[in-house]
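Chains U and S, in that order, give the protein sequences.
For the first sequence, this note's numbering assigns the number 16 to the initial residue and increments by one for each residue that follows.
For the second sequence, this note's numbering assigns the number -14 to the initial residue and increments by one for each residue that follows.
The reader is advised that the hints may include incorrect statements.
[What the hints assert, rightly or not] Chain S residues, not near chain U, derived (Cβ > 10 Å throughout):
(1) 10
(2) 25
(3) 27
(4) 31
(5) 141
(6) 174
(7) 179
(8) 185
(9) 230
(10) 242
(11) 329
[Said to hold, decoys possible] Capping the alpha-carbon separation at 30 Å, the derived lysine-lysine pairs in DSS-like fashion look like this:
(12) U:438 - U:371
(13) U:493 - S:121
(14) S:270 - U:46
(15) U:40 - S:-10
These are computed hints drawn from the structure, not numbers from a lab.
All residues carry an ideal CB built from backbone N, CA and C; glycine is no exception.
The primary structure of each chain is shown beneath.
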Amino acid sequence: MAKAKTKVPKPEEILPGISYKTPQKGWMDLKPEFKPGTYCNPANPKWASWIDYPYPREWSVTNESWGLPADWKEIILQGMEDRLNRFRSLKLFFDICVRCGACADKCHFFLGTGDPKNMPVLRAELMRSVYKRYFTSAGKLLGELAGARDLTEEVIKEWFYYLYQCTECRRCSLFCPYGIDMAEMTILGRELLSSIGVNIEWTMASVAQCYDKGSHIGAPPQAMKDMIDFFAEENERVTGVNTPITYNRKGAEILFVAPSGDYFADPGTYTFMGYLLLFNYLDLDWTLSTYAAEGGNFGFFMSHEMGKRLNAKIYHEAKRLGVKYIIGGECGHMWRIVNQYMDTFSGPADFLEVPKSPITGTVFENAASTKMIHISEFTADLIRHNKLQLDPQRNAHIKLTFHDSCNTSRGMGIFEEPRYIIKNVLPEGHFFEMPPNTIREKTFCCGSGSGFNADEYLETRLRGGLPRANALRYVAEKYGVNHLGCICAIDRAVFPTLLNYWVPEVEVTGITELVGNALVFPDEIERTTDLRDRDLVGIGSPEEGEEAD
Amino acid sequence: MDFFKRHFTVALAAVLGLVLVAHLAVFANLQLLFGVVVPYLAVLIFVEGFIYRLLQWSRSPVPFQIPTTGGQQESLPWIERSLGDKLDNPYTTRYVIGRMALEVLAFRSLFRNLRSELRQDPEHPGGARLIHWSYKWLWLGAIAFHYAFLVIVLRHLRFFTEPVPGFIQLIDNVDGFFRFFTPVFYLSGAVLVVAVAYLLARRLTNPMLRYISLAPDYFPLLLLLAIGISGILMRYVYKVDVVAVKELTLGLVTLHPKVPAGIGHIFFVHLFLVSVLIAYFPFSKLMHAPGVFLSPSRNLPTNTRAVRHVNPWNYPVKFHHYDEYEDRFREAMVEAEIPVEKELE
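Full structure from sequences and hints, please.
Below is the structure:
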């Protein structure tokens, strides 16, 4: 499939052009315009066959016909009925919305595009209108006046366009007086689309690769090992400390599962180097799996079932290896799933033990059933018990702000752990918060979550990332913040492009990378650079040292 | 007629139509129908409809525990959680109840509301910047309306009880604290009308809200406005025989219905509109009132890693087992010195 080469407009072309004015036409009559840069490419049919998904075919978004199966309408309506019977959330969220509009300006895609159908209330209404038409008497009797409309191919196209302009970040659900969660409706709506063979390439390719080989990049076991062994060599070069890794080792105490983004591309790789340094420093009895090689769960971006099919591997592998518990790396949607779905999907994990830090003896009661803890929980506990010797000066070149990733914020609430680590690995006065309405539970999404890493989608992603970038620019200008910290691999994958566009002077870093920089090993060589080979403050070029003072 | 006009006009026409129907009914001497039969019917529809809807919802299970977390999670014992964290990220049932109470009694989520706006700013490299600020008007309008409505419902109980219980009398006295003139002026009525008018006005004047609003959004607001206005008119302008009214309402609750002569015209308009509201309730968005209690993003604890949530329809799925994986990659794994279950043959 030829990739659409799209020219992305400049910030000064996008920004003043965003208007929150309403179109002339009512929303039922307004059809989406599939302009390059604003939609994702359809999935290559081969992926569907890898994972047994229905109706694989070649199709094009801009074609009049999408080649839907002949009985597509029955499939969708049957699928909707089925989901109404299985998910109280869906039924309830369809029925109780009062369209108060509190969610309207909470969506980063609405703020970045001005498109009224990106107001969560209206995005939900795109599906609700069909529900009303076929499943409620008011809709059957009164039609449009009850907010109901027929299900047509145009409606399917609209769902595709707007359900893939929702990153399932749940910011709307925080502000909704009834907790109506657009993420839930997007997940179920995408399931319906998948059921008639409407999928996007980036997500489905990642899913198929995760399913088949282990990680979204499709690396076979030996390639994964090569990549990670390379980080050990890099660690040794920078710190003089050898950080050997064992793979698929039975009897290890801990299975570590990271998002594959962290061993695939910069700057996530530096975070991976940080993981290795930390575990080596502690002499932890841990192992990595080339089979359960992906913490990130791209299946969740297609359907609950696909999410479960990928997630199942983690417990399956933990059982086979006979580990005691699992530590998870810095990843956003992985943690939404670990925290809120994994135990239900694939549990009970009664073959594992309640996580207990071998260094501090802390028992993680909050993970008593799932038996999986977050690396930031683990690290914060170590620092609190004074088990790490840290030299914050090694991060003195970094002025940091912390981006709360949407999934770990509104699907978990891990706010203090990473901040506690940050304050211990950075020199005092190097950490700055973005404005309070844009962080913690009110955080803005990166704009590329839930499967939008695709290049052809860049314009919409940049628009979706505007509110985050806008808040970041504020602290960059005011305090000279030069790094954005995060605990999400998708953030690390997409922010460099995004920030290069909106706030070019800021770089992206994982939190464990900062830990890796600051860790003082007894047998290390003299550290002159950070993990990225950048000179430490006070070493190398004198100007830089002065500047930081 | 465009989308907005169509939806607004239909809702307005429906409410005006209802007022007209009640008027005509009195002229046609249908007081018995509109004073007794319709109210009974409305209550019957309400009760049955309400229960039906609750059953409909509860028939669908809650497969996943998906609370929206709005505060610091419960994790390490030394990480402090404020009361706000505990309520917005409730780890135990106690705090779930607290969260729900705050939501229902204080509209906690609406209280959090922000307004975001793009400000043109030539100084800024992009030419504009986004700003966000706390915006509580919707919260204020909503909470004013709901509490006024509650007080009005409670104080109307004096028409349905004899003798009137003390707490209803108390509400009555507090509500009528401002004794501007006779009869006593009720604050709740004025608050209700002003709040509903505000909620309606924001739908009509804010372009985005106008864009999303449907006839089912205008209709209940207009109906409430009509009920409020007819009530106020009945009390302060077109006086009705209150003793006769109470005879009718007491007759209704004691199941000895009768329509005394001489009740003013407007009473039947008021009663009919209220009957319509009651009957309409279970089939409309007004069911958000019981619905919020069932909302899975608000009514579940966040102890999702500590206690397993069971999905009643959980089914086994096909996934790529380790054995298949190893069979496929064994050679490469052995070569890369990755341990395998079965050695190469």
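Hint by hint, here is what the structure shows:
no. : hint          : result
1   : 10            : holds (24 Å)
2   : 25            : holds (22 Å)
3   : 27            : holds (17 Å)
4   : 31            : holds (16 Å)
5   : 141           : holds (24 Å)
6   : 174           : holds (23 Å)
7   : 179           : holds (18 Å)
8   : 185           : holds (12 Å)
9   : 230           : holds (32 Å)
10  : 242           : holds (30 Å)
11  : 329           : holds (14 Å)
12  : U:438 - U:371 : holds (24 Å)
13  : U:493 - S:121 : holds (28 Å)
14  : S:270 - U:46  : holds (27 Å)
15  : U:40 - S:-10  : holds (12 Å)
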